[in-house]
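There are 2 protein chains.
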Amino acid sequence: MAIPPESFFLSTGAGGTLQQRIRQMVAEGILSGRFRPGDRLPSSRALAAHLGISRITVTLAYTELVASDYLTARGRSGYYVSGNAPVPPDFHSRAASGPQYDYARLTGERFSRTARVARPEDWSRFAYPFIYGQADATLFDHQNWRLCALSALGRRDFEALTSDYYERDDPMLIEYILRHILPRRGIDARAGEVLVTMGAQNALWLAGQVLLAPDRVAVMENPGYPGLRPILAQLGCRVAAVDVDQDGLPPDALPHDADVVFTTASHQSPTNATLPLDRRLDLLRLAGERDFVVVEDDYEFEMSFLKPVSPSLKSLDTEGRVVHIGSFSKSLFPGLRLGYMVAPESFIREARALRAQVLRHPPGHIQRTAAYFLSLGHYDALVNRMRAAFKRRRTVMDEAIRANGLDIAGQGGFGGSSFWMRAPESVDTARLAEVLRGQGVLIEPGGAFFAPDRPDRRHYRLAYSSIAVSRIPEGIALIARALQDDEFSARVP
Amino acid sequence: MAIPPESFFLSTGAGGTLQQRIRQMVAEGILSGRFRPGDRLPSSRALAAHLGISRITVTLAYTELVASDYLTARGRSGYYVSGNAPVPPDFHSRAASGPQYDYARLTGERFSRTARVARPEDWSRFAYPFIYGQADATLFDHQNWRLCALSALGRRDFEALTSDYYERDDPMLIEYILRHILPRRGIDARAGEVLVTMGAQNALWLAGQVLLAPDRVAVMENPGYPGLRPILAQLGCRVAAVDVDQDGLPPDALPHDADVVFTTASHQSPTNATLPLDRRLDLLRLAGERDFVVVEDDYEFEMSFLKPVSPSLKSLDTEGRVVHIGSFSKSLFPGLRLGYMVAPESFIREARALRAQVLRHPPGHIQRTAAYFLSLGHYDALVNRMRAAFKRRRTVMDEAIRANGLDIAGQGGFGGSSFWMRAPESVDTARLAEVLRGQGVLIEPGGAFFAPDRPDRRHYRLAYSSIAVSRIPEGIALIARALQDDEFSARVP
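If you're matching them up, the sequences are chains H and Z in order. To convert, count from 1 in the first sequence and add 538; that's the numbering used here. To convert, count from 1 in the second sequence and add 538; that's the numbering used here.
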């Protein structure tokens, strides 16, 4: 790589001759690891012009550096960092700096101190990744995604790609969401009622900020989506965790002072329960009577391969009390960071203004690429392929789980991409996950899904969205075997 | 487009025979504009399977809809929405819905009530767009950006593209920033000291959230970057606006209780002043003595084409009190939404955790594409092209401004992409912008840059980052002519 002349400054305080200072800067760059063997140095002409000094000074400094083996000269093509140059030390010296200001003291580490679902970054290198919510490279339609990205990068789409949007999102994506995604959820909306977000997490965050304040009461499902907990904690509102049962959130268990109810009605996260129609109607009736708002996280609706998906809560909402959240993270891939929210315009206007403050807008290129992929039918084809694969995997997994005598706590009648599991009472699944990881098996301990005042260590989640069908039986057998090991079985009385 | 079977639901409450209800759903879809002429309906087999009813019922409903001209049958290829189908009304009926819940009452519209710099979305269709911060399609390197995007979409990079990062950013981008961007600003940092953000706006927002609270004091430059004002307002902290002079922010004018000082030291926004070295050293000395933190928005440093860029504040910071913010929005394009921040690890850790809460991470594909574009040298080439073009435009503009007797309030000695202008005392530049817009000239009225308690209507900004050099003289002449019109000149005593 070529080192730009702008990397060099003649600092005012330093001593020594100009020539010495240039040598020092080069040597420091090499010793700090910034300049690496093979990197080309600026020409003596360019560096001299940049520093406003004579060219001969630079040439002399370079010659000296060649002599000391920091640089090599390659005839007319210039000077390069030598392959024999001193190797930078592994540790990082900060000779010039005193002790650094400690921000932890200032910030109280209020953002970094939250529990997260543990997920190794190199999960795909494990033999049995029962991991949730990651993309499966074997199912994704690379070729067409590339073609769509290329179309979105075309000169014709330059504006959509580069514009600093504020008031609106990519009209092509909005159009597709309005005409083809929302109708599948029974929702009839206008453009002003939809906002594109950086995935469902971003939508939940925006909804929380717009709707809540320290004196208000938010309801979370228990167990529930862990990504919501730090959002509510940060807002300082009161959080009421309501236990879900086999049918999801029971409306009659809601506290009377609820202001905002967060629910994963269609596919409860993590138990996979689907809220029955009568509970949906009850929930919406109560929302009107007690004046609260419902935030519906409608994740994973595309993965209903066993039963037709039920209409969303939003489709039953005549008063505009439901904020509906959808995402392409599961159906396309999580790294895309693309989702949307649907609500009355008076809500969307606020969420849009807040989004602009925080990040302006989701990148135009991402929006346009997704719009092409969706509207050319590749999305439907991909979802169908995923459904078929997930259905096969689920069947194999179901058999393996039963054959190995493991206990399913929730699996959902619609399909989905995971089983919610229950280990014997005394098992700590965080520890179980640790042991299994050493054997190439990744499971998700369930602790993070539970309210801190009702800790639970025995549940865990097994997803089949990223594991090959052929690996499933052996993986499940390994889990069963681990549970029979002394460490875990001994604790059962 | 094909209408998916999932768009159809048999709602439980509705009356009528199954056949009638299907006809109703199709007609409603057409009348509401969701289904459009030429759209293909699901096959009778697919729809029947989806709804769990007999196929003949669907076929009979379709036949009836053909008779009433809602649909047309095209032999074996199926049923389509007819070109003669009733046209949906322009207004949007919500027969089924009552009045919608009013979120404005709940939210107090606290996010949407903030002033912004006015900028028409269709600016590129104006003949004389002296508009700031937009991409210039004539300078951008389309072809190589496309190639880089394609590389980033390759199978080898699938993980970088799709992963749900949390703890880290794209290592390839971080590596480039550490080795090639930051050294040009005199900064030597480690990977844990850098966070990739959704542009500079997002970085400012994160810094504000991490560093400030309602009882703390934030300093803003006056005039200063308008995007910062709503961030600070939202935090509820006390905002002290400090007037800048020809040399930027005067450290001796800082309030004694300042906690965080936001500055655009290298290129003051909008006056273009560069903070001299002695003021930089004073500012950092005061930060240590009075225990405050400095947030340095180092935007546009690449556009120093008249003088070598001065090292950043961060490069002089021995105590870790400077949070340094950079962005690719100006040098690549604003729709990219990509920037970074550099600070001690104890700060970056908090900012990263907050970022995860709000949006998880900037999309992997964007990060990787930028990493390729940067590391293959296309970025340097683009910046050089932009510098050359901006230098030409600036010269022409400078001459035109002087020839027309307009008054420059700040232009900066380094280069940049705009002039900060001053109209005669009684002129309201918001009104001037309105008048000029009618003549195809876009200028930016300066009001939004000033603290609300020190309103100023006479300044305006003229950028040359998106206007062709050939348009400049005529555009400037039009501005001068407008200022001589009765409406504006009459007010001067």
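Treat each hint with caution, since some may be false.
Which copy is meant is left open, so a pair is good if it fits within one copy or across any two.
[Stated by the list, open to error] Here are the computed lysine to any residue pairs in the SDA-like style, where the Cα-Cα straight-line distance is at most 25 Å:
(1) 929 <-> 774
(2) 929 <-> 780
(3) 929 <-> 994
(4) 845 <-> 595
(5) 845 <-> 722
Hints in this document: simulated from the structure, not taken from any laboratory. Because the structure is a prediction, the values reported are computed rather than measured.
Structure-based check of each hint:
no., hint, in the structure
1, 929 <-> 774, "neither (41 Å within a copy, 51 Å between copies)"
2, 929 <-> 780, "neither (31 Å within a copy, 63 Å between copies)"
3, 929 <-> 994, "neither (29 Å within a copy, 65 Å between copies)"
4, 845 <-> 595, "between (78 Å within a copy, 21 Å between copies)"
5, 845 <-> 722, "within (14 Å within a copy, 59 Å between copies)"
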